[in-house]
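Number of protein chains: 2
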Amino acid sequence: MLRKNRLFTPGPTPLLPAAQTAMASFTAHHRTADFRALFQRVLVDMKEFIGTKNDVLVLACSGTGVMEASVSNLTSPGDKVLVLTAGKFGERWTGLAKAFGCNVDVLSAPYGETFSLTDIRARLTPDVRAVFVQATESSTGARHDVEGIAKIVGAQQDTLLVVDAITGLGTTHLDVDGWGVDVIIGGSQKALMMPPGLGYCAVSERAWQRMEKTSSPRYYFDLRKERKSAAKGETAYTPATSLFAALGAALEFIRGMGNGNLAQGRETLVNNAELCAEMTRAGAKALGLKLYASSPAAALTAISSPDGIDSGKIVKEFREAFDAVVANGQGEMKGKLFRIAHIGYYDYLDTIGILAALEHVLARTTARTADYGAAVKAAQEVYARSLTEKRQLVGV
Amino acid sequence: MLRKNRLFTPGPTPLLPAAQTAMASFTAHHRTADFRALFQRVLVDMKEFIGTKNDVLVLACSGTGVMEASVSNLTSPGDKVLVLTAGKFGERWTGLAKAFGCNVDVLSAPYGETFSLTDIRARLTPDVRAVFVQATESSTGARHDVEGIAKIVGAQQDTLLVVDAITGLGTTHLDVDGWGVDVIIGGSQKALMMPPGLGYCAVSERAWQRMEKTSSPRYYFDLRKERKSAAKGETAYTPATSLFAALGAALEFIRGMGNGNLAQGRETLVNNAELCAEMTRAGAKALGLKLYASSPAAALTAISSPDGIDSGKIVKEFREAFDAVVANGQGEMKGKLFRIAHIGYYDYLDTIGILAALEHVLARTTARTADYGAAVKAAQEVYARSLTEKRQLVGV
Chain A
190 MLRKNRLFTP GPTPLLPAAQ TAMASFTAHH RTADFRALFQ RVLVDMKEFI
240 GTKNDVLVLA CSGTGVMEAS VSNLTSPGDK VLVLTAGKFG ERWTGLAKAF
290 GCNVDVLSAP YGETFSLTDI RARLTPDVRA VFVQATESST GARHDVEGIA
340 KIVGAQQDTL LVVDAITGLG TTHLDVDGWG VDVIIGGSQK ALMMPPGLGY
390 CAVSERAWQR MEKTSSPRYY FDLRKERKSA AKGETAYTPA TSLFAALGAA
440 LEFIRGMGNG NLAQGRETLV NNAELCAEMT RAGAKALGLK LYASSPAAAL
490 TAISSPDGID SGKIVKEFRE AFDAVVANGQ GEMKGKLFRI AHIGYYDYLD
540 TIGILAALEH VLARTTARTA DYGAAVKAAQ EVYARSLTEK RQLVGV
Chain B
190 MLRKNRLFTP GPTPLLPAAQ TAMASFTAHH RTADFRALFQ RVLVDMKEFI
240 GTKNDVLVLA CSGTGVMEAS VSNLTSPGDK VLVLTAGKFG ERWTGLAKAF
290 GCNVDVLSAP YGETFSLTDI RARLTPDVRA VFVQATESST GARHDVEGIA
340 KIVGAQQDTL LVVDAITGLG TTHLDVDGWG VDVIIGGSQK ALMMPPGLGY
390 CAVSERAWQR MEKTSSPRYY FDLRKERKSA AKGETAYTPA TSLFAALGAA
440 LEFIRGMGNG NLAQGRETLV NNAELCAEMT RAGAKALGLK LYASSPAAAL
490 TAISSPDGID SGKIVKEFRE AFDAVVANGQ GEMKGKLFRI AHIGYYDYLD
540 TIGILAALEH VLARTTARTA DYGAAVKAAQ EVYARSLTEK RQLVGV
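Residue numbers (the numbering used here), protein chains in the order written: chain A, 190 to 585; chain B, 190 to 585.
To be clear, the hints were calculated from the coordinates, so they are not data collected in a lab.
Among the hints, a few may not be true.
Because identical chains cannot be distinguished in the list, a pair is counted as satisfied if it fits within a single copy or across any two copies.
[To be verified] Below, in silico cross-link-like pairs of lysine-lysine (DSBU-like), each with a Cα-Cα straight-line distance of 30 Å or less:
1. K287 <-> K269
2. K505 <-> K193
3. K402 <-> K523
4. K340 <-> K479
5. K193 <-> K474
6. K402 <-> K479
7. K414 <-> K287
8. K193 <-> K236
9. K421 <-> K287
10. K421 <-> K402
11. K525 <-> K474
12. K242 <-> K269
Values in this document were obtained by computation on a predicted structure and should not be read as measured data.
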């Protein structure tokens, strides 16, 4: 049977056709009025997309580049920082903070779990210069309580809160300014429905002030320099122009999802991811599968591999039978779970399709007798209920 | 929920991404070596795709344009022709033949049915100059027995057989040369997975000879002129260059489906359509729906609307709830059936998705209680059986 290559990975995610077209046709030089107009419009729109009044920067790098920028710009060697980690991306914070010579205190939760706010409160001494955390941990599918964490960190005088929301932005409700998140970080290849290549962040006034006093080495990722250039309508270094064109198109699409309002469009995206996730969780449970995360994110559903089955076999069968790319576990969870993403450009047919495919994949990789239609039926019931609950949002 | 616009119509069909890209980037002038190379390669490849040694022409027009060309080039006013009609596209043959002054004998079968070969044999007197028929009747989803018809027509000295295979090519097995089809007609927006705008035909030596003696008026559609130009590597009039680029890319994709062999790729496409159709028929039956066509084509499945329900309501609900475009009945069947296509670029996830969507659509447009998963389960069983039967073909 013909197989279309379809990404169900938590980034890169399926591309928005309008972004592909915009990207393919854009050819303007970056030091021109045309690019400047695009660039300035995108920076304004990104504030609305993120939901912040803080300055937003968009850099030519992956999300990890902006994670590095938040460490190198906000800390000096020897600074005490608190890293909250419950997965591979939490561990990336630890690696980054250590690379820049921070005195790193690590508060870990087991993979698949999230943090106890009491534990965080206990660890958060006044000398902690910054707290680093994920909004959603892509390696385990767990959602962390950013609002709760922000409340605790906000009670401190000199502690900045840095949130990696690379998979979180557009899949989970975040009130960046209301909660007082100092730096929030995103990447293009997630809910923005475009290819990898752009990282972005919104930076609070407190964080900008901190940068004046820190001494960690930075050059390409010097956010102050980038901010000065942005004020003049340009980037410090050569921008990824075609990706800016894609970003412009993606933001217009999201605005359309919100009936002309970008913030509402982002909420529509979040609600869409939540419905896809709820359908997928119901489908997986109907097949007797165990969900991995205790507080599951809408960004993705991590499903434990049935006993004795390497999840790599499941991932491989999805690929070989359907050309559908789902993600294996990462780090210590490799082989133990597989992950189906709901970030960005997914609809009903995608969600039902991958669940139906899962039924064949399980039948072919395990000894179980296929109960065809069981996962789909459970997901359909979630969808039908969402209609009667009037949770259904105007589509685009 | 986010809704992706998806065509399940029997043309236009979903676009192949590689064809979209090729089309968007092609800019060459048509009287250049670059275009000539593309044009000549496409004409050779089209022979292999159609499965013929006859000359193939590709024109800037819809399929109807090539239907007209076959009438205007092969008949003179007053010529007796036999039209076999069992639906809206059969009626188009009648309209065309009358427009060019033919003496038209019409053999009709009821909508949804096909012809009795005995009836055809009885009507086919030696003075019939041409027989016009569809391979598959898109308005009803019926498949006609082209092989059987060709055998009867082939027994005559001076009767040409003209087959509209616009939805048939790439969805049903056809042996053009083996069966002796004089003119076979196709369109770009079908199994070739590209937009409308190109019509094509393969013309037998007998048919070329006929053209020397016919007197119906033709100019743009003068196939002899087009053939002479093609021999020099060009078209008589300005070709739709970007669509040729898309066609080149589509043919490469189909070659890939056949592991380097275009004819095998076409068979893979046909088998794919057959599996999609079989899944869809099983799904519809599982919901207690009635299939409309007695000899169903793999190109599309025509499903009778449940009693008392205007099929327009079903089509509208598909569109509004899922942005999925299925086709209403045409002509006298409008309001009485809906049609789901399987032509070209469809895979497992598409097929399962539209069946799952159908379950919601029926629940919302009829009084029936939804039996979620029933259609999907039946389709999954067909798919699973196809694997064990080794009917499963290498995908792409």
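Hints, verified against the model:
In this assembly of identical chains, the alpha carbons of K287 and K269 lie at most 30 Å apart only when taken from the same copy (11 Å versus 89 Å across copies). For the identical chains of this complex, K505 and K193 are neighbours both inside a copy (15 Å) and across copies (27 Å), given an alpha-carbon limit of 30 Å. In this assembly of identical chains, K402 and K523 lie within 30 Å of each other by CA distance neither inside one copy nor across copies; the values are 41 Å within and 74 Å between. For a Cα distance limit of 30 Å, the shortest separation of K340 from K479 qualifies neither inside one copy, at 32 Å, nor across copies, at 60 Å.
For the homomeric pair K193 and K474, the shortest alpha-carbon distances inside one copy (27 Å) and between copies (27 Å) are both at most 30 Å. For the identical chains of this complex, K402 and K479 are neighbours neither inside a copy (48 Å) nor across copies (75 Å), given an alpha-carbon limit of 30 Å. In the homo-oligomer, the alpha carbons of K414 and K287 lie at most 30 Å apart inside one protomer (24 Å), although the nearest pairing across protomers, at 76 Å, exceeds that limit. Taking the shortest Cα distances, K193 and K236 sit within 30 Å of each other only across copies (26 Å), while inside one copy they are farther apart (35 Å).
In this homomeric assembly, K421 and K287 never come within 30 Å of each other (Cα to Cα): the closest approach is 34 Å inside a single copy and 70 Å across copies. Taking the shortest alpha-carbon separations for K421 and K402, only the intra-copy value of 24 Å comes in at or below 30 Å, while the best inter-copy value is 75 Å. Within a single copy, K525 and K474 get their C-alpha atoms as close as 17 Å, which meets the 30 Å cut-off; across copies the closest is 39 Å, which misses it. For the homomeric pair K242 and K269, the shortest alpha-carbon distance inside one copy (28 Å) is at most 30 Å, but the shortest distance between copies (78 Å) is not.
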